[in-house]
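Asker: Sequence:
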Amino acid sequence: MINTEMEQLGKAPSKIREIFEYGKKRKAEIGEDKVFDFSIGNPNVPAPREVNEAYRELIATHDDIWLHGYTSAAGDLHTRKAVVDNLNQRFGTAFRASNLYMTCGAAASLKITITAMVTPGDEFITFTPFFPEYRVFVETAGARLVTAGTDPDTFQIDFAKLEPLITEKTKAVIVNSPNNPSGVVFPEAAVQQLAALLKEKEKVYRHAIYLISDEPYRELVYDPEIGVPYLTKYYPDTVVCYSFSKSLSLPGERIGYILVPDEADHAADLYAAVAGAGRALGYVCAPSLTQHVIEKCVGQVSDLSVYKTNRDLLYEALSGYGYTCVHPDGAFYLFVKALEEDASAFCERAKAFELLLVPADSFGTPGYVRIAYCVTTDQIRRSLPAFKKLAESYGKI
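For the sequence shown, this note's numbering gives the first residue as 20, with consecutive numbering after it.
Note that these hints are calculated values from the structure, not bench results. Think of the CB as a built atom: it goes at the ideal place given N, C-alpha and C, for glycine as much as any other residue. Certain hints may be false.
Claimed, not checked - Under the rule of at most 30 Å between Cα atoms (straight-line distance), these lysine-lysine pairs were calculated in the BS3-like manner: (1) K356 to K370; (2) K415 to K327; (3) K370 to K30.
What the hints assert, rightly or not - Simulated restraints, written as ranges between beta carbons of each label pair: (4) K100 to K370: 47 to 53 Å; (5) R298 to T112: 24 to 30 Å; (6) H226 to R115: 22 to 28 Å.
All chains, full assembly: derive it from the sequences and hints.
Answerer: Structure follows, in structure tokens:
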């Protein structure tokens with residue numbers, strides 16, 4: 020016999036990937052310029068110039084064994100030091116290279132961290148809407164995912180809904196800010212209130228309740244007044260899971276890290292468990308060449324102006340057509356209320372206009388769709404008549 024749980028996961032791919040594959044098929048049938056694919060968060064702006072320069076320089080000046088051989092299991096020491104030096108400079112922290120574990124992107128960071136923490140009966144809490152793979156990561160680790168509803172108008176934390184969900188079984192709370200799929204950023208006041216609540220619950224239950232900060236979109240904010248609080252400064256039992264996929268436009272290179280601060284409860288044991296989980300899951304040694312590139316490029320960010328232009332163009336147009344949209348302060352997604360109760364049916368109707376949107380049921384928010392605007396501005400402009408016709412088909416215009 021085979022593992023039926025894994026079989027079912029393989030036979031039921033994520034809705035995002037399913038629509039992405041449909042889009043590829045449809046483009047081959049009628050032409051790429053006729054399909055408006057907003058399904059997947061695949062950065063469309065180039066990596067910073069320094070990234071490709073770093074690749075070329077490294078290949079030209081180092082031997083193949085160093086470039087492509089194994090690094091230490093936790094990651095190249097020079098890379099880890101460069102990353103923590105940058106964090107310390109930006110956030111006034113005092114991390115060391117030994118606090119960092121390099122990973123194959125954010126998915127690996129989350130899966131390793133959750134696996135490292137789980138004991139029988141544990142629960143992990145996250146806020147709706149949430150990235151659907153959280154459920155996969157938690158449940159396949161043997162724990163239960165508990166979802167906390169947010170304010171239905173702003174998708175900010177609703178503490179009245181959250182507080183009763185924190186129990187003796189709670190191992191961690193997963194926070195994603197800027198959020199995928201809503202683009203919402205949790206402000207400092209909310210972070211302070213969350214930290215105070217978790218500290219209070221730790222005293223009640225007499226064990227650590229970790230905060231897992233999922234941060235692939237940290238740098239993707241578009242307005243100067245919007246700040247993304249660094250959670251380790253507010254709550255000591257925080258573990259940071261980061262990916263360079265979005266900030267450096269390197270999703271296919273699969274590079275990120277886990278940060279376990281010294282201040283976290285049982286930090287040394289937790290870091291050892293992270294290393295052990297990486298080993299057990301087969302994630303030992305993140306891609307070596309890309310680690311060396313990160314050492315040279317840490318702190319760089321891709322040109323975000325295209326995303327801001329796309330956000331403003333799409334938000335203003337769809338709002339004008341009668342759609343209800345959550346204003347995204349970060350990330351590169353527009354979260355939109357479907358024009359009928361069944362978001363999947365709405366997305367099926369949208370296909371008639373060659374619009375490929377993702378229903379948000381699996382994100383824990385039925386009745387909404389996610390639109391990934393990390394596409395060319397030209398695609399957005401060309402898609403607007405289709406969005407208008409879709410709204411007209413519901414009598415919104």
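Asker: All hints, please: hold or fail.
Answerer: Each hint tested on the structure:
1. Between the alpha carbons of K356 and K370 the distance comes to roughly 17 Å, so the proposed pair stays at or under 30 Å and holds.
2. At roughly 26 Å between alpha-carbon atoms, K415 and K327 fall within 30 Å of each other, so this suggested pair holds.
3. Of the supplied pair hints, the one linking K370 and K30 holds, its CA atoms being roughly 23 Å apart against a limit of 30 Å.
4. Distance hint check for K100 and K370: the Cβ-Cβ separation is about 49 Å, which falls inside the suggested range of 47 to 53 Å.
5. Distance hint for R298 and T112: a CB-CB separation of about 27 Å, consistent with the stated range 24 to 30 Å.
6. Remark: the range hint 22 to 28 Å for H226 to R115 is upheld by a beta-carbon distance near 26 Å.
The earlier numbered hints are all upheld by this structure, with none contradicted.
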